[in-house]
Amino acid sequence: MRNQFVRQLNDLNIKLLKMGAMVQEIIEVAVKALTTQNLELARKVYELDDDIDNIELEIELECMNLIALQQPMAKDLRVIGTVLKIITDLERMGDHAVNIAKVVLEIGEEPFVKPLIDIPKMAKLAQAMVKKSLDAFMNADIELAREVANDDEAVDEIYEKIYTELINKMIAENTIVKQATNLIFIGRYLERIADHATNIGERVIFIETGENIEIN
Amino acid sequence: MSKISVKDLNLFYGDFQALKNITLNIEEKKVTALIGPSGCGKSTFLRSLNRMNDLIDGVKIKGDLKLEEQDIYQKDVDVVALRRRVGMVFQKPNPFPKSIYENVAYGPRRYGIKTRKQLDEIVEKSLKKAALWEEVKDRLSKSALGLSGGQQQRLCIARALAMEPEVLLMDEPTSALDPIATAKIEELIVELKKEYTIVIVTHSMQQAARISDETAFFLMGEVVEVDTTQKIFTKPRDKRTEDYVTGRFG
Amino acid sequence: MTKKQIQEKIAFTVLTMTMFMVVIPTLLIIGYIIYKGIGTISWEFITAMPRKGMREGGILPAIVGTIYLVMGTIILALPLGVGSAIYLTEYAKQGKVTRLIRLAIMNLAGVPSVVYGLFGLGLFVYFLNIGTSILAGALTLACLILPVVITASEEALKSVPQSYREASLALGATKLQTIQKVVLPFAMPGILTGAILGIGRAAGETAPILLTVAAFFLPRLPKSIFDQAMALPYHLYIISTQVPNMPQGIQYGTALTLLGLVSIFFMLATVIRIKFKMANRA
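Residue numbers (my numbering), protein chains in the order written: chain A, 1 to 216; chain B, 1 to 250; chain C, 1 to 282.
For reference, chain A alone in the conformation it holds in the complex (with noise of 0.2 Å):
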């Protein structure tokens, strides 16, 4: 019953989930970016995020027309309801990407302080955060999704070790003030993008269990 109200809710998750990979997709580029201080691609990533904003607004619109059209009831709403914040974080991790890109592109061509070692490592995991979440969301994962949360914590211990370490160098040599600080940024960015990974897992568990609950 109601096949095309099921069809239309199956084409909202797959938006969904190509929007998902593009976000997926940004943060490695902008890592790559940075990695191999790429200017090119630290503008790409401009690119990829317009397109970001323009698919948050088609899943934005698809879900009002749903919820005014179909009037989604019980989990149908909290999936859709859902659906509209979630996007809110994808859209939110793609900006983080755009302030990593514009740091690289403020860095330039300037040699690092230090070699990036945490940095990627932090940026592998909240990559695998949010593909984690959201497959989490696509099957309904309670499990997988509270292993987001678990994940977080380590992302923000590598954070925490960034930091000293940075503000320890700069105590000891002033001339690296400026990219050391805007390396924390990228850390800081980092973890924003790993939070909002989280955000999406508590989501996922308010959809199979109606309980809005905070992990962390």
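The set of hints was computed from the structure by calculation and includes no laboratory data.
Quantities reported herein were computed from a predicted structural model and do not represent experimental measurements.
One or more of the hints may lead you astray.
Covered stretches of chain A (chain B as the covering partner; in silico rule of three or more C-beta atoms under 8 Å from a C-beta of chain B) [said to hold, decoys possible]: (1) 2-15; (2) 59-72.
Straight-line distance between alpha carbons at most 20 Å, and here's what the computed DMTMM-like set of lysine to aspartate or glutamate pairs gives [as the list claims (entries may be wrong)]: (3) B/125 with B/195; (4) C/175 with B/195; (5) C/158 with B/76; (6) A/102 with A/47; (7) B/231 with A/47.
All C-beta atoms, glycine included, are put in the ideal place defined by N, C-alpha and C.
Starting from the structure of chain A, add chains B and C where the hints point.
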């Protein structure tokens, strides 16, 4: 493609003007919903599309009402032939007190199909289209009045489809049904629009939203706004439409 | 008990009593006739010709005459009555004229039967020169029961849900097809109720028969519808008032036969009615 085009249609019951300057196009193979408060003229308009208003004494109609290229209010129009092209399903399921088979075969028999084989085919095809065949195929000779309300209404749809109409008019077809039967009919309507042009009057805005492609909002005998259903329910142009769909009417 | 409860009780008692006041006389009459007449009923009584100035023998000619009259009346009145009822409900534009016609029909129902008899005598017997005959009688009785048939048929037609007519017309049926295939079958039980009432009257009327059909004494069966005939009610009247030294048993036996005959007609009509009703449900 417009299947039905209406231009400046005015309808009077005696001195009372029930429809005022209705101009409206009904798209082929789409579902067009007519919404509006009670007494706004939506049912009257629907009934002017197959000239059912002719049955009421003292009705006067002016204006153009074209089914494809034919003006259906011309003097030489054969009303019986028109009603075969434009079928109708009513508010309350109204199967005849006859068998399921005879209900579906009623129309074809009237226009002269006599052989059992042909009738059997029509009955089966129509019941299948109305998604009722599986439920009734073993009791075609049983009374139609023994069916549930939802089944009766689908039988009425099958009965109308047996005429192989081009347009199907539905006058609040689910208002007497429970939610599950309603959902089945709605599903059926979405399915039927692949082959038929459907015009449905409904009191339920939600129903209009769910199943229609185009929506026309009627108020006091006038069409206030007609647009895609999506527009009407998300960003109508007219303040009165907005008030009605948001429930702030009155 | 409160005041209201007492009022309830009184009302209930009074209404129950009125019901018994209606039923008891009816039962008494029927019981009395059966009691007095049953002894006379025999095979000979219903199959033999009357003899000796009707004081002996049977009443066969009267039975046959009544059957002819009732059948003739129904055959004439039913199509006519149903036809005009169809016209009035389905075709005529509702307004002053139809209201006037309905008023006239209602008034006709109130006209005393002897007036019908006189009318029949004048029109059918003399003016149309049919003569005193079964046909003239059936025509007269048909006029007499037409109002009943029309009124009952109209009610029956009006009780056909408008939605059936709409459904049929919307399916591209013509008006005539709609009336034939949907309206009439559905209205049939109601129409037959009217017919039953008509039968009762036609079988029981004396005055019109007296003037248009009757033979005082005719110890043979009618040869055709143009023949005179005896009829039970009139026969009953004659043997009760006109023939001296009439054995009482024959009078009550005749009355009982008339009752029985009418009951048979009722039962026949009821069976047909039920058949139609079942068909409507099927």
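Each hint tested on the structure:
1. Three residues within the 8 Å Cβ limit are the bar, and the region 2-15 of chain A against chain B gives 4, so the coverage statement holds.
2. Remark: the region 59-72 of chain A is confirmed as covered by chain B, as 6 of its residues place a Cβ nearer than 8 Å to a Cβ of that chain, reaching the required three.
3. Distance hint between residue 125 of chain B and residue 195 of chain B is fulfilled; the C-alpha atoms sit about 14 Å from each other, no more than 20 Å.
4. For the hint linking residue 175 of chain C to residue 195 of chain B, the alpha-carbon distance of about 29 Å lies beyond 20 Å, and the restraint is violated.
5. Between residue 158 of chain C and residue 76 of chain B the CA atoms are separated by roughly 31 Å; this puts the pair beyond 20 Å, and the hint is violated.
6. Taking the CA atoms of residue 102 of chain A and residue 47 of chain A, the gap is about 13 Å. The hint holds against a cut of 20 Å.
7. Restraint check for residue 231 of chain B and residue 47 of chain A: the C-alpha separation of about 31 Å exceeds 20 Å, so the hint is violated.
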